[in-house]
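Asker: Protein chains in written order, with my numbering: chain A, 1 to 276; chain B, 1 to 220.
Treat the hints with care, since some could be wrong.
Which bits of chain B does chain A cover? Going by a derived footprint, with three or more residues having C-beta under 8 Å, they are [said to hold, decoys possible]: (1) 4-14; (2) 17-26; (3) 55-62; (4) 131-140; (5) 198-211.
For lysine to any residue, the following SDA-like pairs were computed, each having C-alpha atoms within a straight-line distance of at most 25 Å [what the hints assert, rightly or not]: (6) Lys260/A / Thr103/B; (7) Lys260/A / Lys184/B; (8) Lys184/B / Lys192/A; (9) Lys192/A / Phe49/A; (10) Lys192/A / Gly222/A.
Hints were generated in silico from the structure; no laboratory data involved.
A virtual CB, placed ideally from N, CA and C, is assigned to each residue, including glycine.
Chain by chain, the residues run as shown.
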Amino acid sequence: MSTRRHLIVPGLVWAVLSIAADLTLTHLNLPPGYATTTAAGQSVTGQVFSMISATVGIAVVVFAVYFLVVFRGRPGDAGDGPPVRGDVRLQSGWLVLSTVIVLFAAAYGSIELEGQVTPQLVVPASQYHSAATRHPLIVQVIGQQWQWTYRYPQYGGFESPVIRIPANRLVQFDVTSLDVIHGWWAYTLGIKVNAEPGVNNVGYVYALKPSRFIVECSSLCGLWHGYMRNTGAQDGEVLSQSAFASWVKGAQRYYGPEDKYLPKFALVYYPSPTTY
Amino acid sequence: MTSTGRKLMIVAGGLAVVVVAAALYITQWLSYIQPEQAPAVTVSSSGQKQANLELATLGSIGFTSHATWVAYLVRQGGRWVHSTNWVLPAHALVHVTILQYDTQTGLRNPFLSQVRGTVGSVEYVDGHAVHYMDPTLPAHTFSIPELGVNVPLYGIPNATYPGTFGNPHNTHETITFSFRTGGKGLLHWQCFVPCAAGFLFGNGGPMQTVGYMDGYIHVV
Numbered sequence: 001m002s003t004r005r006h007l008i009v010p011g012l013v014w015a016v017l018s019i020a021a022d023l024t025l026t027h028l029n030l031p032p033g034y035a036t037t038t039a040a041g042q043s044v045t046g047q048v049f050s051m052i053s054a055t056v057g058i059a060v061v062v063f064a065v066y067f068l069v070v071f072r073g074r075p076g077d078a079g080d081g082p083p084v085r086g087d088v089r090l091q092s093g094w095l096v097l098s099t100v101i102v103l104f105a106a107a108y109g110s111i112e113l114e115g116q117v118t119p120q121l122v123v124p125a126s127q128y129h130s131a132a133t134r135h136p137l138i139v140q141v142i143g144q145q146w147q148w149t150y151r152y153p154q155y156g157g158f159e160s161p162v163i164r165i166p167a168n169r170l171v172q173f174d175v176t177s178l179d180v181i182h183g184w185w186a187y188t189l190g191i192k193v194n195a196e197p198g199v200n201n202v203g204y205v206y207a208l209k210p211s212r213f214i215v216e217c218s219s220l221c222g223l224w225h226g227y228m229r230n231t232g233a234q235d236g237e238v239l240s241q242s243a244f245a246s247w248v249k250g251a252q253r254y255y256g257p258e259d260k261y262l263p264k265f266a267l268v269y270y271p272s273p274t275t276y
Numbered sequence: 001m002t003s004t005g006r007k008l009m010i011v012a013g014g015l016a017v018v019v020v021a022a023a024l025y026i027t028q029w030l031s032y033i034q035p036e037q038a039p040a041v042t043v044s045s046s047g048q049k050q051a052n053l054e055l056a057t058l059g060s061i062g063f064t065s066h067a068t069w070v071a072y073l074v075r076q077g078g079r080w081v082h083s084t085n086w087v088l089p090a091h092a093l094v095h096v097t098i099l100q101y102d103t104q105t106g107l108r109n110p111f112l113s114q115v116r117g118t119v120g121s122v123e124y125v126d127g128h129a130v131h132y133m134d135p136t137l138p139a140h141t142f143s144i145p146e147l148g149v150n151v152p153l154y155g156i157p158n159a160t161y162p163g164t165f166g167n168p169h170n171t172h173e174t175i176t177f178s179f180r181t182g183g184k185g186l187l188h189w190q191c192f193v194p195c196a197a198g199f200l201f202g203n204g205g206p207m208q209t210v211g212y213m214d215g216y217i218h219v220v
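Excised from the complex, chain B in its bound form (with noise of 0.2 Å):
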């Protein structure tokens, strides 16, 4: 082979190397939104489409390489899948169960603990109708800026047990809510309290990772 076909050999070899890297690349990024299967959608006497959306926060994940990040779970076919991409109806009205397990926090900017854009501006705490709350007691909240909901999740009060499933008082909360997404497109939904231990404003680690406690919701 002439000195040039070696030179360009090497050129499209190193080419093909940057491009197999690119779409690896890619495809793992692709992966990060890809949602679980979407919840079955069911349709009232009144025509309303509805859904529901089942929901766990843990103070710490229990497995992953990250097993100690707070984390939240979905409920999807009777099993607790861990994934944050969802897959939610257009203009549905979607009920929304939260197993909380974490602990108290609080929220840096007090103004996020008011229940906006839920169905009457409500949560309901253990059965209990909550519009607003202290603070300093969320563990977390589910919050989806575009659609302007944000719902501070209470936090367990006792910090004596661990924020885990399974611990062995089974202490949670079980919060409800609901709220009516738009038309179609991807939206983005994240927890406002400043909840990573260890990282600079509490804003790190699990609070940028997709899988922890921000995600994806795909309204198709």
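Looking at chain A on its own, in the form it has when it is part of the complex (with noise of 0.2 Å):
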């Protein structure tokens, strides 16, 4: 069988099982979800490296198998195997193929990350201008030992043990700790912050439609770190933003009496004592 035909036969089965497999890949849901424009953006980032990377892996397989099968030693064969030729065309190709690959991979990954990191570009282009992303909710973010609690400042500064958030409008939270590092994560939002004591970690979410959200503490802070999550009855909610006004009212009402001994309204707390 001539050189040709040995890649062109491996050639056209990488080409059809890559097919298959980026078309599976554009039909599945893959994590996050898409209820946030952050959480959006990582999905499709998922499905764009997992497209590049299965057809890399196909090929990687097809070729390897072909190659055993078709050039390995037959029984009584002890003879040596032809003499093996470099072929520029060939090594060119593959240098070239990688590095344009690497580029766009690296590309991609910056301008997804200024994405998620500069509002003006959390936010879906028809809302660069609009009042919702000029002015975004605030919401900071308490991590103690072993529960999170929210403070709303735009709101007279109440504190809540349950987070929730208006669809719609551009929030950005605002997270600390009050004693050790815990991490902050809203998985199906797309948001990862990490709370530090005495510093204040900032990130910002567009959330797209109502919704429930599970929190996470991903940084190990102590015995109950599992146990540190809103979950079940405590779970994050993104609210219409008529349903979050409402809720606004009542928590102001619940939570009100609580207000005079909270302190001051500020990014980072220094509680004391810091030993007994």
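Both chains are given apart, each in its own frame, so use the hints to dock them into the complex.
Answerer: Below, the structure written as structure tokens:
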């Protein structure tokens, strides 16, 4: 069989399998989902890189199996194999292809990352100049061993053990901790921000529709780290704007009596003492 | 025995040691979360399941290898038991009585000085209804985050009396409240006052050891 046919046969198999794999991947609902623009971006990124990986992986497997089978030693054949010669076209080809894939991945990842930390890029293009973007909702996330609490400084600074945010409005999370390092992770919102004592870490989210979400701690923070989550009855919720406004009114009434004991809102707190 | 046989015996022996050690470790860990006997369940005339839970909070437990640690005790079978793993019935109204012997420490997060998740969002301290308190006053809290229950426990104001059973003045407060359990499952409860003296942030030692200031609630 000529050299050309040894490339065409596995090449055709690779092409068919790659197309099938990539088509399957485009129909999969990859995590974290599409509840927010950030999560949607991550799901699409997962699909794009899965398709590239699948294509490369299938090529490696198909060509490896083909050559292992076709060029295996036959029983009784003790002779040397044919002399191996380099092929500049082949070597240049896979060098160029590898470079293109890596540069694409670097550019794609950089653009995606920039889009997740720049508030104007988190919102849909149609909302760049809207009031919802110019005046984001600020939610302070406070980590303590072992529970999350949330403060809403634009609504009198009340604090709540559950988190509610509105859909179709840019939300800015100011995340801090009162004791050790925690990790605030709202998986289906596509956001994870470290909660560090004395530090204010900021993340942004633009939720596209009402939904429920779980919050977990992603940094080992002590005995009950695994229970440091808002789940079940304590689920986080994305509400419609009107439902969010109603919730705020109810929360201000319910938690309001405690407001006089809360410290003035600040980006970080230093509760004392640190040792007893 | 051949040298291969000897090597196999050594490997098998080593594996057996590892398996036994792992089994002992797992058994000891399981014993931490095994609850004591369940409280008696009664049914009210309206068909509501009810249970009583009687607890005590001490400034120093007075026994065990950590005699100076703060601790919760539970009363079962008429005696005080050193355990923080309890069984409660599902979908029941649980009436809690806590004899609180410890002194005021204060909360790191003042928000947690509001009573939440109990019937009427209230606790009764020596018969007086309390919905929230000055965050410098609690000695401990009784909190079940998964149920949204948070009850700050008013601390003894006078630091003269040691926070233990049988102190000369038997100084304690009686705190009562009720909450509802949900469906079956394993919950965790804890104190949110950083009351572990001598530990960084007050959250080490008894605050991170089951059997002292936190534990499990098995809802069955």
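Asker: For which of the previously enumerated hints does the structure constitute a violation, in increasing order of number?
Answerer: The structure conflicts with hints 1, 2, 3, 7 and 8, although it agrees with all the remaining ones.
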